[in-house]
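Trainee: Below are the chains, spelled out letter by letter.
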Amino acid sequence: MADELEQLYQTTYQAVVRFLYRKVWDADRAEDLAQEVFMRALSHRPEKPRSWVFAVAANLARDEARAAIRRRRHLTLLSADPAGRPSASPTADEMVEDDERQAEVRLALDSLTARDREVLLLWDAGLSYPEIAERTGLAVGAIGTTLARARKRLVDAYERQHDHDAAAHS
Amino acid sequence: MTMTPLHIPEHELHAYLDQALPRSRCVTIESHLAACPGCRSHRDATAALRDRTTLLLARLTPERKRIPPSLEELERRVSARATAPRLRLRDLAWAASILLAVALGYAVRPSARAAKAADAQVVATSTAPAPRQPVVSEVRTPAPPAPSAARPKAARASHASVPPVRRDSLPAQRAAVAYGDTPAAVGVEVSTDSLPPETAPSAGLWRTVPWTQAEEQAGAEPPRVNGVPVVEVQVKRGDGAAKPVTVVAQQLKSGQLITTIEGPVDDVWALLSRRGDAGDTAGAETLRQGTRLLAVTGQLPADSLRAMVRRVNAAMRVR
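Respectively, the protein sequence lines represent chains A and B.
Under this note's numbering, think of the first position of the first sequence as 1, with each following residue one higher.
Under this note's numbering, think of the first position of the second sequence as 171, with each following residue one higher.
Hints were generated in silico from the structure; no laboratory data involved.
Some clues are possibly wrong.
DMTMM-like, lysine to aspartate or glutamate: derived pairs with alpha carbons at most 25 Å apart [as the list claims (entries may be wrong)]:
| hint | chain 1 | residue 1 | chain 2 | residue 2 |
| --- | --- | --- | --- | --- |
| 1 | A | K23 | A | D3 |
| 2 | A | K48 | B | E245 |
| 3 | A | K48 | B | E200 |
| 4 | A | K152 | A | E131 |
| 5 | A | K48 | B | E243 |
| 6 | A | K152 | B | E200 |
| 7 | A | K152 | B | E182 |
| 8 | A | K48 | A | D156 |
| 9 | A | K23 | B | D221 |
| 10 | B | K423 | B | E391 |
| 11 | A | K48 | A | D124 |
| 12 | A | K23 | A | E134 |
| 13 | A | K152 | A | D124 |
| 14 | A | K152 | A | D116 |
| 15 | A | K152 | B | E180 |
| 16 | A | K48 | B | D221 |
| 17 | A | K152 | B | E242 |
| 18 | A | K48 | A | D3 |
| 19 | A | K152 | B | D188 |
| 20 | A | K152 | A | E4 |
| 21 | A | K23 | B | D188 |
| 22 | A | K152 | A | D165 |
| 23 | B | K413 | B | E385 |
| 24 | A | K152 | B | E386 |
| 25 | A | K23 | A | E131 |
| 26 | A | K23 | A | D124 |
| 27 | A | K48 | A | D165 |
| 28 | A | K23 | A | D156 |
| 29 | A | K23 | B | E233 |
If you want the ones that stay clear, here's a sample from chain B, every Cβ over 12 Å from chain A, calculated [what the hints assert, rightly or not]:
| hint | residue |
| --- | --- |
| 30 | L176 |
| 31 | R210 |
| 32 | T223 |
| 33 | A228 |
| 34 | A252 |
| 35 | V435 |
| 36 | D436 |
| 37 | W439 |
| 38 | A440 |
| 39 | Q459 |
| 40 | L475 |
Keep in mind that this is a model prediction, so the values were computed, not measured.
In this text, a Cβ means the ideal position worked out from N, Cα and C, and glycines have one as well.
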């Protein structure tokens, strides 16, 4: 049992970080949350640890989205302190600092429906069709259809975005 | 020759390429593909789309920042969390030990010179990794997670347990605590004695120095967040021409501590990962400049820390 979790940790930790990163868009938070996920797995010892881990990760990411609002408030307080005034709004900075190519994919991903996005991210995190079905409540037979649509939309949205950006730059 | 008249629907091509179909279904599909050029080119287009998606998503991979802790380490944290209330008791005991130390400080003051001489010897013989357990501990009762005599209790809890500096609770040792702009910000009695000259730094040893001596010790002013009171400066000199590692702890008005670490990439990583192993959950933001790494840690949101890293970096570039 412990061995199973150990192996899962070795093989899945980075995938969980990536999965979380694509939801919270903060590498450090993603790592914190991924560690939290595995700490919970250690105390709960779930029966199907793989899909359990991603279920908890998805929940934490959702809570995180709520917490982000609180943190933004905190940052405002901090910047009101003359000693700790950041140079500009962090989100603006973030966007500049972000790899531009990454920002384009991120926008494309955001344009998908929540369900398509979830299925695509779970697939990319290494879950099987049955595991994705279990996580999302979809029928196993519907996963291929969902993935087909999600992939097409992601690439289409990215290309539109990319062409648009390229036109704006020229 | 038509083997399977029905063309393969798109979703099934995806499932097929995703290896999510039973083998028997794959055989049917493969037979059809072999005979149907239309479905073959459809399959190729689907495979290209699939690859393209994978490639695009791969861009959304976070920069690897920290060394992941081992599962055993996570297990330790789980059990530490279960016993959290006891930790608080320990903090109280530790706070009491500081009060005791301060009180003793007044009583022992005349003999501080002698104590310092003894200190010097210990400093000279202790090498870097001697964390947690103080070498000399006449005064302190329990060993705190991140021992620092002059750190206020509230702030201490959030401080990164960075370099293993040996410290004890004698008043002379508290000379090691330096203040930047507003000494009154930290409400603990501080001795203004400077460190005795016989504890001159040698390579590889961590030294806690007053801010006024920090520049001299480090060769340059240690990077820090401007305008925030400095609580503590620690310097590790490199061998020969190697640049030092500096750790500057500062206290925000909110009472929270932030720590700015600057040094060779490997050294800073080592500190950050040791911090993680010690169960410190404070966030860390880093910025690499060639072979050097700049890090700011603290119990603050990542975007705040990131803003600080940028400020420190900008200030360093101006210099």
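Trainee: Are the hints correct? Go through all of them and say.
Mentor: Now for the hints, and whether the structure bears them out:
Between K23 (chain A) and D3 (chain A), the direct Cα distance comes to roughly 29 Å. Violation of the 25 Å bound is thereby established for this hinted pair. For a cut-off of 25 Å, the pair hint linking K48 (chain A) to E245 (chain B) stands: about 19 Å separates their Cα positions. As the CA atoms of K48 (chain A) and E200 (chain B) are separated by approximately 33 Å, the hinted pair breaks the 25 Å bound. Between K152 (chain A) and E131 (chain A) the alpha-carbon distance is near 22 Å, which keeps this suggested pair within the 25 Å criterion.
A C-alpha spacing of about 22 Å is found between K48 (chain A) and E243 (chain B), which places the hinted pair at or below 25 Å, so the restraint holds. With a C-alpha separation of about 23 Å, the suggested pairing of K152 (chain A) with E200 (chain B) holds against the 25 Å cut-off. As the CA atoms of K152 (chain A) and E182 (chain B) are separated by approximately 15 Å, the hinted pair is consistent with the 25 Å bound. Under the criterion of a C-alpha separation no larger than 25 Å, the hint pairing K48 (chain A) with D156 (chain A) is inconsistent with the structure, at around 35 Å.
For the given pair, K23 (chain A) sits about 22 Å from D221 (chain B) by alpha-carbon distance, which is consistent with the 25 Å threshold. The straight-line distance between the Cα atoms of K423 (chain B) and E391 (chain B) is roughly 23 Å, inside the 25 Å bound, and the hint therefore holds. A C-alpha spacing of about 19 Å is found between K48 (chain A) and D124 (chain A), which places the hinted pair at or below 25 Å, so the restraint holds. Under the criterion of a C-alpha separation no larger than 25 Å, the hint pairing K23 (chain A) with E134 (chain A) is consistent with the structure, at around 20 Å.
The suggested pairing of K152 (chain A) with D124 (chain A) holds, with an alpha-carbon distance near 15 Å, which does not exceed 25 Å. Restraint check: the Cα-Cα separation between K152 (chain A) and D116 (chain A) comes to about 11 Å, which is no more than 25 Å; the hinted pair holds. As the CA atoms of K152 (chain A) and E180 (chain B) are separated by approximately 11 Å, the hinted pair is consistent with the 25 Å bound. Using a Cα cut-off of 25 Å, the hinted pair K48 (chain A) and D221 (chain B) is violated, with the two alpha carbons roughly 29 Å apart.
At roughly 42 Å between alpha-carbon atoms, K152 (chain A) and E242 (chain B) are farther apart than 25 Å, so this suggested pair is violated. Taking the CA atoms of K48 (chain A) and D3 (chain A), the gap is about 14 Å. The hint holds against a cut of 25 Å. Between K152 (chain A) and D188 (chain B) the CA atoms are separated by roughly 15 Å; this keeps the pair inside 25 Å, and the hint holds. Distance restraint check for K152 (chain A) and E4 (chain A): the Cα-Cα separation of roughly 36 Å exceeds the 25 Å cut-off, and the hinted pair is therefore not satisfied.
Restraint check for K23 (chain A) and D188 (chain B): the C-alpha separation of about 24 Å stays at or below 25 Å, so the hint holds. A hinted pair counts as satisfied when its Cα atoms are at most 25 Å apart, and K152 (chain A) with D165 (chain A) qualifies at roughly 20 Å. At roughly 12 Å between alpha-carbon atoms, K413 (chain B) and E385 (chain B) fall within 25 Å of each other, so this suggested pair holds. Restraint check for K152 (chain A) and E386 (chain B): not satisfied, since their Cα atoms lie roughly 61 Å apart, outside the 25 Å limit.
Our distance criterion of 25 Å between C-alpha atoms is met by K23 (chain A) and E131 (chain A), whose separation comes to about 19 Å. Only pairs whose Cα atoms come within 25 Å are accepted, and K23 (chain A) paired with D124 (chain A) is accepted, the gap being roughly 13 Å. Of the pairs offered as hints, the one joining K48 (chain A) and D165 (chain A) is violated, with about 44 Å between alpha carbons and a cut-off of 25 Å exceeded. In summary, the hint linking K23 (chain A) to D156 (chain A) is supported, as the alpha carbons are separated by about 21 Å, within the 25 Å threshold.
Proximity of K23 (chain A) to E233 (chain B) is assessed by CA-CA distance (about 15 Å); at most 25 Å being required, the pair is judged to hold. Even its closest Cβ contact with chain A, about 16 Å, leaves L176 (chain B) beyond 12 Å, as expected for a residue assigned away from the interface. Residue-level check passed: R210 (chain B) sits 17 Å from the nearest beta carbon of chain A, beyond 12 Å. The claim that T223 (chain B) is not at the interface with chain A is violated, since a C-beta of that chain comes within 12 Å of its own (minimum 4 Å).
The non-interface label for A228 (chain B) is inconsistent with chain A: the shortest C-beta to C-beta separation is roughly 9 Å, within 12 Å. Not every Cβ of chain A is farther than 12 Å from the Cβ of A252 (chain B); the closest lies at roughly 8 Å, contradicting the non-interface assignment. Listed as outside the interface, V435 (chain B) is consistent with that label: its C-beta sits roughly 17 Å from the nearest C-beta of chain A, beyond the 12 Å cut-off. At roughly 20 Å from the closest C-beta of chain A, the C-beta of D436 (chain B) stays outside 12 Å, upholding its exclusion from the interface.
Every beta carbon of chain A lies more than 12 Å from that of W439 (chain B), the smallest distance being close to 14 Å; the non-interface claim holds. Distance check on A440 (chain B): its Cβ is at least 18 Å (rounded) from any Cβ of chain A, clearing the 12 Å threshold; non-interface status holds. No beta-carbon of chain A comes within 12 Å of the beta-carbon of Q459 (chain B); the shortest separation is about 15 Å. Consistency note on L475 (chain B): stated as away from chain A, yet its beta-carbon is not over 12 Å from all of that chain's, at 8 Å minimum.
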